[in-house]
Each structure stands twice: as C-alpha cells, then as structure tokens.
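With the numbering used here as the guide, the letters of the sequence shown map in order to residues 746 to 1363.
If you're looking for bench data, these hints aren't it; they were derived computationally from the structure.
Take the hints with a grain of salt, since some may be wrong.
Stated by the list, open to error - In silico DSS-like cross-links for lysine-lysine, where the CA-CA straight-line distance does not exceed 27 Å:
{"#": "1", "residue 1": "Lys1114", "residue 2": "Lys894"}
{"#": "2", "residue 1": "Lys807", "residue 2": "Lys1059"}
{"#": "3", "residue 1": "Lys976", "residue 2": "Lys919"}
{"#": "4", "residue 1": "Lys1089", "residue 2": "Lys984"}
{"#": "5", "residue 1": "Lys1102", "residue 2": "Lys1117"}
{"#": "6", "residue 1": "Lys972", "residue 2": "Lys957"}
{"#": "7", "residue 1": "Lys1199", "residue 2": "Lys1089"}
{"#": "8", "residue 1": "Lys976", "residue 2": "Lys1059"}
{"#": "9", "residue 1": "Lys964", "residue 2": "Lys976"}
{"#": "10", "residue 1": "Lys984", "residue 2": "Lys972"}
{"#": "11", "residue 1": "Lys972", "residue 2": "Lys983"}
{"#": "12", "residue 1": "Lys894", "residue 2": "Lys1117"}
{"#": "13", "residue 1": "Lys1089", "residue 2": "Lys1117"}
{"#": "14", "residue 1": "Lys873", "residue 2": "Lys960"}
{"#": "15", "residue 1": "Lys912", "residue 2": "Lys960"}
{"#": "16", "residue 1": "Lys912", "residue 2": "Lys894"}
{"#": "17", "residue 1": "Lys960", "residue 2": "Lys976"}
{"#": "18", "residue 1": "Lys972", "residue 2": "Lys1089"}
{"#": "19", "residue 1": "Lys984", "residue 2": "Lys873"}
{"#": "20", "residue 1": "Lys957", "residue 2": "Lys984"}
{"#": "21", "residue 1": "Lys1242", "residue 2": "Lys1208"}
{"#": "22", "residue 1": "Lys1102", "residue 2": "Lys1114"}
{"#": "23", "residue 1": "Lys912", "residue 2": "Lys957"}
{"#": "24", "residue 1": "Lys983", "residue 2": "Lys912"}
{"#": "25", "residue 1": "Lys1089", "residue 2": "Lys1038"}
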Amino acid sequence: MEANQEQRVRKDIRKALSYKKQVSAKESKRRGKALRELVPHACHEAWQVQERRNDAIDLLSKQDEGRAQELVPIRKERMAASPFAFFRGAAVIMANDLARTPSTGIRVQACGDAHVANFGLFHSPERKLIFDITDFDETEIAPWEWDVKRLGASLEICGRERGFDSKVRRAIVKTAAEAYREAMREFARMGTLDVWYAHMDADELYERMAHKASKSERKEAEELLDKARSKNSARAIKKLTEVVDGELRIVNEPPLIVPLREIVRQYSGMDVPDPDMHERERITARLLSHYRKNLPDDRRRLIEQYRGVDIARKVVGVGSVGLQAWIVVMEGAAEKDHLVLQIKEARDSVLAPFVGKNAGDTPGQRVVKGQKAMQIASDVLLGWTELPGKDGTPRSPKKLGKIHFPVFTPGGTRVVGFMVRQSDIAGMIERPDRFVALDAIGVYEGAVAVDDVKGTYDAAAAKRLDINLDDCIIWVGMDVRTESGDVVGYCSDVEFKPRSGIVQMFYVTAGAASSVLVGDTQVPPTMLRGYENGAMIVSDEVKALGYSGGVAARAAEAGVVVGDKVKKGAKVLDDKGSVAVDKGSRALGKQLGKTRGMFKAFKDEYQKASGSSSKASK
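With these hints in hand, go ahead and build the complete structure from the sequences.
Structure representation (structure tokens):
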C-alpha cells in the first residue's frame, strides 16, 4: 500500500471509529475491508518479547497490595499448582503483553479474562440452561482481539495440561478461532434484535454435538448437564450451612470460609459463642441496604422479602484470592425459603492501565454494566454495593476531627466510644465534641476512620448501643481515690480490647514527673468500685500495688523529658454528646493519641487486623 493511500485509509478508519451514527451494511463492509488491509490477519500470528517489558513478578506483587495478607499465600499456592492455574491468575501479565500487539482499534465490551475455565453453564431467568461467559471481574471497553487471543492461549495451555499432543492442541485452537469467525459472519447477516437475543442453549448444543461424540463422552456431558441443573440455593444451603440452636449458620472452614462472628471473636479475644451479634447484623444490613437501593424496583421488592441471617468471608477463584468475597445467607417467609448471595470486591480492570477507564463508574458498577452488556441472561439479582474495608471502615472516609477521650459505660469497665474533637469552622467558630461509637471506628490506609452511617454519632449511637450518655463517664484524667478516702493519683491511661471495648487495665499515676521516674500503677478493672463526687473509686488493695514502666524500670534509657500538663475538669456526657464540666474533679489535658494504652493498643490491633503497614496518624 502506497504511503498516501495508507494515510487516507487511516483517516477513514479514525473517522469510522469516532462516528456516532450507524452506517449502512455496505459502508460497514467497505470499512472492514480497509481495516483488514491495514491490519492483516497475518500480523497477529507471532508474538515476541518486547524490550523493557514489565517484570511479571512485579506485576503480580503489585496486585497483592490491599489484599488480605493472610490469604495471599493461598493465592500463590493456587497459582503454583499448574501452568494453567498460573495463567488463570495472571490476567494482568497477559494484558501487559496484549497492549503491545497489533490491533484494528475497534473496541468492544471485552471480558478481559476470557480463558476457557471462565465459560460455563447456568440458568437463565426463564430457568433455561445457558452456556456463556461467567466471570466479568476484568471487563472493560477494549480491543476485541484481546479476548480472542486470551481464549486461544488458554486452550493451548489447558491442552498441554491434559496431555494432548501438539497436533491436537493446534486443531483445538484453530477450531475455536474458526468458530469465532463464522459466528461473527453469521451475526453480520442477522438483524440487530436477532443478534441481541442470540444465545447458546445447553440442551440444543448437546443435541448438535451428541452424534459426533463417543458413548463415554455423551455420558460425561449428560452428567455435567445434570450437575448444572441441580445448582441452586437449596444445594448451596445444604453445603454451606448448619443449624445451631435452631438458627441457620454458615459453617466455619478456615481459612476458606470464615463467618463474620468468628472474625469478630478473633478481634475481640472473647471466648464466647457469638461475641457481637450486633456487629454481624450491622454489617450485613449495611451491605444489603446499599445493594437494594441500586436494584430496579421490581427486583428490590423481591429481595426485600428476605432477611439476612448470616454472613461469611469466602475465598474464591485464583486471581481473586485475597480480595474481599462474602456470602450472605438470606431467609424468606416460608419454611426452607433460603437465598444465598455472593458479594465480591471489584477493583479496576487489569485492562484499565492500557485502555483507560470510565471515571464515572465505581469498579462494582463497571462489572455489573459489563456483565449485563455481555451475558445473554444475567442473574435477576445482579447488582452492586459499597463494601467496607477488611477492618470495617468505609472506602472513602472524610476527616471528622481528632479522637480525644474514651467514653465508658456507667459501670466503667467497657469502652463504648470516643469523644472526637471536631475542627473549628474556618479556624474561628468552635464546634462541640461528638460522641462516636466504638464499633464505627477503625483504621483506613493507616489512619483512624469513622464508619459514617446511621447510628454512629451522639444520641443516635447511644440509642443503637442501648446506653444513656448521661450515665456514661470519662475516667482518663480523673482523680483516683480508694474506698477509705486516700488519693492515689489520677487515671492517666487505659488499655482495652479494640473490638469489644472490655477494659484490660487502668493506669494510675501520681503526676507527670512521678510517671516518668517510677512509672504507673496498673489497676485491674476488678478493683474498680465506681464514681463518686468527681473521683474514680478503687479498692484499698490498690495501695499495695507496685509501679511499672518509668525511668526506674528503664535505667538504660536516658534523657527522658516530660513537660508539665495542665489539669482540667473531668468530663461527663449529656444526651447530645457534648461535654459538661464536673467541678468536683480534675482531668489531665493529654490527647488520646499520645497515651500508652487506650489508643496505641487500639490502633496497633486494628493495624494488625487490617494488614496495614502504613504509619497511623495521631
């Protein structure tokens, strides 16, 4: 092709690709021939390693960022099982290579991971058995050639794993490419609506292929069809759940299936059957609420007739291992009326760095839209929601203020939340502190974050937690007296379980200088007697306790300097979550983030649980 002619063709192609209106069949055919001449079939035949190619291991390691680190070894183990298993989990490597191969420039709604194992059988809404693509995690608007090439490569690798010789493998790959070509040729002759409704009925496919198959192959195909027909919620319920005390519960099979109640138990350190049922119900309700809002009206009415009864983290797939994946068991009004939903975390497609992405969609929206565009019959309950992080924090937190003091139950042995000092408006107008529920606080990307949903703040949080803020108290900074009336210092710190809020230890000091020199007295919660006249009352046994920490216990450390702190009034709470001063007491004006126990231990536990390595801000 002459240079001038090639320029004209390229200009024509660019015009065609940017043209918004439909053209005639004749014009479409002409443009297709021009593209074929510019990008001939033969140019797709060979692939060579490009210079300065991105390292494959680096690409995979980058994908491990943000995953549940305790599950990453499972992902690596599954990918190492075989060459085909590695290929399944390495879509990002192939995308990196495909981006450097010839393309016509025609973009479609690509699967992004169209390997042979991502095709399967499932029921349509009319309960017909359909054969189609089943995985859309990587779907994106991308060159049509990429899906075809990934499918062909997967057939070759899978054939090697099955022990097929090179001649058979080549025939399989060639047959697949020819089938794609012939299907596209047939679609080109069909009307738009006919193409839209075209599908591959599993029973019809079996009838077409049965006469070519052996007796054993037909039997194997029949067993496969029967297995696909039996897949439903009832079967999933039987496999995944058990009845405990009359209630349906997801079985605990760590690390592959872990109910949320077990995760809560792990965080809280409490050895009881269900340490925080409310936590489980709260997260389930939040997920389902947002999911329902994004469903069409008729589907929303359907799902609203079910209630969530249990939720568990489930390890799925190969490339998806370590990303959040949850199963939710739901129950209808009738006996044995159950439904199982899968919630799976979506990230940006592996194709996005090479083709760009729709800035208006979340990853979840991208997957749902792509699936509906590609699948002939998507699940009627297909939708998307916003899932909190592994630690329960929202994905996009906004700054609220600084954590100030922990708030205790009237009995004083459990933390129920924190006072948060809000930033002044325009640096001038002071805003009151807010009460924030403990179960709404976690760590997001190394920083403390608040789950900003209903029942998080002030009176609404108190109502949800079934507490009266008037009766709650802030121990930190309060004078400490024994039952017999002796003053032993003030409460300088507290250590507690980050999930349950159960107090492990109070720290009592006689003053800043004393704390540095000889340390604090560690008072167990069993010695707490309550609140009286502006003071924290403890047992007389406290006087017999020794000190821990301080310079005396850390003789090797030198140059410890502590500035004098100004004592302010100890605080109790009103029903709006604001702060009132109790004139009969005193408090240490020390910020929470600088203390030893109450926030550091809390923060460290959350850091560990969330798998975050970032340094948390104070």
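Verification of the supplied hints:
1. Only pairs whose Cα atoms come within 27 Å are accepted, and Lys1114 paired with Lys894 is accepted, the gap being roughly 23 Å.
2. Distance check on the hinted pair: Lys807 and Lys1059 sit about 22 Å apart at the alpha-carbon level, within 27 Å; holds.
3. Of the pairs offered as hints, the one joining Lys976 and Lys919 is violated, with about 33 Å between alpha carbons and a cut-off of 27 Å exceeded.
4. Taking the CA atoms of Lys1089 and Lys984, the gap is near 19 Å; set against the 27 Å cutoff, the hint holds.
5. Taking the CA atoms of Lys1102 and Lys1117, the gap is near 17 Å; set against the 27 Å cutoff, the hint holds.
6. Our distance criterion of 27 Å between C-alpha atoms is met by Lys972 and Lys957, whose separation comes to about 22 Å.
7. Proposed proximity of Lys1199 and Lys1089 is supported: the alpha carbons are some 24 Å apart, at most 27 Å.
8. Restraint check for Lys976 and Lys1059: satisfied, since their Cα atoms lie roughly 18 Å apart, inside the 27 Å limit.
9. Among the hinted pairs, Lys964 with Lys976 is consistent with the structure: their alpha-carbon atoms are about 19 Å apart, no more than 27 Å.
10. Between Lys984 and Lys972 the alpha-carbon distance is near 14 Å, which keeps this suggested pair within the 27 Å criterion.
11. At roughly 15 Å between alpha-carbon atoms, Lys972 and Lys983 fall within 27 Å of each other, so this suggested pair holds.
12. The straight-line distance between the Cα atoms of Lys894 and Lys1117 is roughly 23 Å, inside the 27 Å bound, and the hint therefore holds.
13. With a C-alpha separation of about 16 Å, the suggested pairing of Lys1089 with Lys1117 holds against the 27 Å cut-off.
14. At most 27 Å may separate the alpha-carbon atoms for a hinted pair to count; Lys873 and Lys960 meet this at roughly 25 Å.
15. For the proposed pair Lys912 and Lys960, the alpha carbon gap of about 24 Å is at most 27 Å, so the pair holds.
16. At most 27 Å may separate the alpha-carbon atoms for a hinted pair to count; Lys912 and Lys894 meet this at roughly 19 Å.
17. A distance of roughly 25 Å separates the Cα atoms of Lys960 and Lys976; the hinted pair therefore holds under the 27 Å criterion.
18. Distance hint between Lys972 and Lys1089 is fulfilled; the C-alpha atoms sit about 24 Å from each other, no more than 27 Å.
19. For the proposed pair Lys984 and Lys873, the alpha carbon gap of about 24 Å is at most 27 Å, so the pair holds.
20. Using a Cα cut-off of 27 Å, the hinted pair Lys957 and Lys984 is violated, with the two alpha carbons roughly 36 Å apart.
21. In summary, the hint linking Lys1242 to Lys1208 is supported, as the alpha carbons are separated by about 22 Å, within the 27 Å threshold.
22. For the hint pairing Lys1102 with Lys1114, the CA-to-CA distance comes to about 13 Å; that is within 27 Å, so the pair holds.
23. With a C-alpha separation of about 20 Å, the suggested pairing of Lys912 with Lys957 holds against the 27 Å cut-off.
24. Restraint check: the Cα-Cα separation between Lys983 and Lys912 comes to about 44 Å, which exceeds 27 Å; the hinted pair is violated.
25. With a C-alpha separation of about 17 Å, the suggested pairing of Lys1089 with Lys1038 holds against the 27 Å cut-off.
Of the numbered hints stated above, those contradicted by the structure are hints 3, 20, 24, listed in ascending order.
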